[in-house]
Every structure is written in structure tokens, then in C-alpha cells.
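Listed in order, the protein sequences are those of chains A and B.
The opening residue of the first sequence carries number 1 in this note's numbering; numbering runs sequentially from there.
The opening residue of the second sequence carries number 1 in this note's numbering; numbering runs sequentially from there.
It is worth saying that the hints were derived from the structure and are not from the lab.
A couple of the hints might just be wrong.
Sample of chain A residues at the chain B side, in silico, Cβ under 10 Å [said to hold, decoys possible]: (1) Ser-23; (2) Met-29; (3) Gln-37; (4) Asn-136; (5) Leu-138; (6) Ile-140; (7) Thr-238; (8) Ile-265; (9) Leu-268; (10) Leu-271.
Pulled from the structure, derived: some chain B residues nowhere near chain A, Cβ distances all over 12 Å [stated by the list, open to error]: (11) Met-22; (12) Gly-25; (13) Met-26; (14) Gly-40; (15) Arg-48; (16) Ile-64; (17) Trp-66; (18) Ile-67; (19) Phe-69; (20) Ala-79; (21) Leu-82; (22) Trp-84; (23) Val-86; (24) Val-87; (25) Arg-90.
Not the full set, but computed from the structure, chain B residues with beta-carbon under 8 Å of chain A [stated by the list, open to error]: (26) Glu-4; (27) Ala-7; (28) Trp-8; (29) Thr-9; (30) Pro-11; (31) Phe-16; (32) Leu-57; (33) Ala-60; (34) Ala-68; (35) Leu-74.
Glycine included, C-beta positions come from ideal geometry on N, C-alpha and C.
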Amino acid sequence: MEKWENNRAWFLILPVFVIVAFSAIIPLMTVVNYSVQDIFGPGQRFFVGMEWFREVIHDERLHSALLRQLAFSCMVLLIEIPLGVLIALAMPKKGWGVSACLVLLALPLLIPWNVIGTIWIIFTRPDIGLLGKTVNDLGIAFDHTARPLDAWITVMAMEVWHWTPLVALLAYAGLRAIPEAYYQAAKIDGASSWAVFRHIQLPKMRGVLTIAVLLRFMDSFLIYAEPFVLTGGGPGDTTTFLSIYLVKIAVGQFDLGPAAAFSLIYFLIVLLFCFVFYQALQNVGTGESR
Amino acid sequence: MNLEWMAWTLPTAIFFVVIALMLVGMTIWQILSPSVPRRGFLPIETTRGDRLFIGLLGSAYIHIAWIAFTNLSLWIALAIALVWLVVVMRWG
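Between the sequences and the hints, there should be enough to build the whole structure, so can you do that?
Below is the structure:
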């Protein structure tokens, strides 16, 4: 097995390696160092072993934040992936409509995250917001600042509005990459549109959908700016997701040790989920697509 | 170069040196005898690197579970994790 013909290629990945080292590996090492110490200030730190991990793992508020986060991410995937695929299937295949759809879909993706939160605060305000006032005028009591269910619905709606276009764009790219011959063969066989979707389009979209699921899971699992601006984690702590709780510990209380231990557990959870999702999706539909 | 901001401690330094040595060792092993994907008791086909990743991730979870459910010494968790790592690398 001759694999080492051109070693110059290694130099090309060197810049990426250096950037990743400075942006990810060195900060991660620092977090590991912080997680085993009680830090009072520069030069004032004491080794405490696994004390912070023990404290964080037994923290009831972290347990509920984790459950909330898992529920949120599952709902995000269950809504955004099918909806994104449906939008991609419904999009025009040629003509001016393609550009129009792509621009419209890309718009929510271009807005800064904290601005999205602000937009939705105003949009859903029960007194002046277009949606909030309309819903209240229809006789349905809706107030995301006071009612937990309303807060959840608003955060979910905002998330779906913000990120479904990404799934749709990815799925659309996957659909466009399918050669016309497949459709012609299906037509000759008299395949129904469901059969075409199930045996041609879905397996061919596997690659892009893997990326979509991984991106949406990780992003929704790490969500911070939008719900922080929209609800601040409230009412009570009903929309306090993991990252919001983490920032409360790290910045609000300045407990760097527990925050670092929390971050590492958070990181391990994300790592495990991504690995499992990646492996599962790698094996989905392999029979049809190869 | 002042590394005080990274707040190094001896145990964490040893931890990272061991991880780095593992990666270097795996690289040398890969160059000397390239890994062939195979299937063991794990439900997926894995290369040697995959098994090291699964082994290390599993070890981290073993330690977390140990802290969560027991008050016993972490050295026992380390021993279990090492056994897990060897089992995954050999039969995974």
C-alpha cells in the first residue's frame, strides 16, 4: 500500500492546524486546567481535583437545563429537517423562481443572531407586536414573558424561522445534484412520486442531510443569543438552556472552576451525540445509494 | 513565553502529554503498518483511530459516571477505563 508519494500536501494543511490549535485546542486545554482548580485571581489558584465535576454533576438545575436542551434540540430536528426537505421539493427547478426562492430563503440566515431575538421580541409583544397583538385580539391569551408554554412556542418558532432555510438550501443542493437519468428510469418503470422520493431523492440527499442534522443538532444544542435576548431564560427558568445556565455560572457568578467543568461535560455530550448521529446517518440507506 | 494564563497543573499536564504521546504513537504505528477497517464487537466498521476515539470518549464517560454514582477513589475508574480502552482497541 503506497500512500506517501506526495508529502508536500501536509504543508497545505499546516495553516489549518495552526488556526485550530489556537482557536480550539489551546482554549480547550485551558478549560481543562481551570476545571480542576479554584481560581480567585491571577496567580491565586488552588488545585481541587474533581471537586467541581462532582458539584456540577449533582446540580439539579443543570439536570433540568439538560433535559430542556435535549427536548428543544429533538423538536428542532423533528420540525426543521422534514420541513426543509418539503420546501426543497416544492422549490422551482428552473427559471427566475429559483433565484427568488434562494434569496428569500437566505434572508433569515444573514441576520445577526441577537438581532433575530430583538425582531421576535417586538413581533410577539402582546401590546404592540404584529403577531402578539393579533393573537391576543383573536381572544387567545399569549404572552411569552409570563407564560412558559408561550415562551417555548415563541423560541421554537424563532428557531424554525431562522434555521429551516439552511436545511432547505442544503436539501435543494442535494436534489439538484441528482442526474436526470435517475428520474427518466423511474418514469419508465412507472414509479410513483413517493417511490421516487423514497428510493432516489432521499438516499441521494443522505450526504447533505447528514450535514444538516449535525449542524442543526450542534447549533440548537449550543443555542444562546436568540433565547437570551428573547426570554433571558425565563419566565422563571423555563427557557434556560444549557448555554444560558453556563453563562450565568461563568459570567454572572464568576465561578470559573465549576463553569469549566460544566463546559467539559457539555462538550462531551455534544461529542457523543455527533458521533452517534454521524455513524447512524452514514449507515442509513447505504443499500439504495451505492 | 508566559503560560501562567493557562493555569497549568501537574495532573492536567500529564493528562495532555499522555494524549499527545498516544496520538504520536498511533501516527507512527499507522505509518509502519497502515490500519485496515474491520468489524469487532462494536456495531460499526472501525479503523484503529476510530477505536482509540471510542475508547477515549468511553473512558471520559466512565469517569463521569463514577463521579456521579459513587464516592470511591477515581483510581478505580481509571483502571476500568484502561481496561475498556484495551478491550475496544483489541476486540472493538
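Next on the checklist: Output the indices of the hints that this structure fails to meet, ascending.
Outcome noted: 1, 4, 5, 6, 7, 16, 17, 18, 19
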